[in-house]
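Novice: Chain by chain, the residues run as shown.
2 protein chains.
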Amino acid sequence: MIPISLPVDLAVCAPKGLSVPLERSQAEDLTRVLKAIADPTRLQLLSLINSEPESKACVCDMAEAVELSQPTISHHLKVLTDAGLLERDRQGTWVWYSLNVDQWSRLQKVLG
Amino acid sequence: MIPISLPVDLAVCAPKGLSVPLERSQAEDLTRVLKAIADPTRLQLLSLINSEPESKACVCDMAEAVELSQPTISHHLKVLTDAGLLERDRQGTWVWYSLNVDQWSRLQKVLG
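Heads up: the sequence lines are chains A and B, in that order.
To convert, take the position in the first sequence, counting from 1, and add 77; that gives my numbering.
To convert, take the position in the second sequence, counting from 1, and add 77; that gives my numbering.
The set of hints was computed from the structure by calculation and includes no laboratory data.
Bear in mind that the values here come from a model prediction, so they are computed numbers and not experimental data.
Among these hints, one or two may not hold up.
Chain copies aren't distinguished; within one or between two, either way the pair holds.
What the hints assert, rightly or not - Below, simulated EDC-like cross-link-like pairs (lysine to aspartate or glutamate); rule was C-alpha separation at most 20 Å, straight line:
hint: 1; residue 1: K133; residue 2: D86
hint: 2; residue 1: K93; residue 2: D116
hint: 3; residue 1: K112; residue 2: D138
hint: 4; residue 1: K112; residue 2: D159
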């Protein structure tokens, strides 16, 4: 049983993607990752981070663009981080977020 | 306004994927497609179809594998078809489902 706060390892949960019948537990793990991105606000945040210089952004950068409060944005970023899709890097007062390229690459393979 | 029964055209809704900031309407269209696959039963059905000879299957093939009734499976297949992820081909009594390769390819690009 994987605790909810640990990112899903897609390479383990669905190593052959959709090319072989998925077990229920594999399908549930993959669903966790997909549900994390299946949200318009989270997709907007991902695209904002990805289009920033060096593909990293802090909450302060994002609040204005999506017109949401910083606590709301932080909640959405936590969902994405818990799914392994974002990485956090604290620098002084601010936390910077960047895409976890490995997890995105695995997700692409799973859906390929 | 796109009727709910028309598949989302990912090439139109997010032509540059997550590499530029998504508009809200683009993020909502993309969310519709992602929500369609973010379900363990639907992921299992997709993997079953994809692993069949010629990557096509009918409801009769799938009912036993996922231990669900045919009406329940048909509902899930309709959600996937409405999102443009599956294609239907009626042959006599049965409807055969196959993956819409173009839509999957676009989804991969959007997430790439």
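Novice: Now look at each hint and say whether the structure bears it out.
Specialist: Hint check results:
no. : hint        : verdict
1   : K133 / D86  : neither (22 Å within a copy, 29 Å between copies)
2   : K93 / D116  : between (26 Å within a copy, 18 Å between copies)
3   : K112 / D138 : neither (24 Å within a copy, 27 Å between copies)
4   : K112 / D159 : both (12 Å within a copy, 18 Å between copies)
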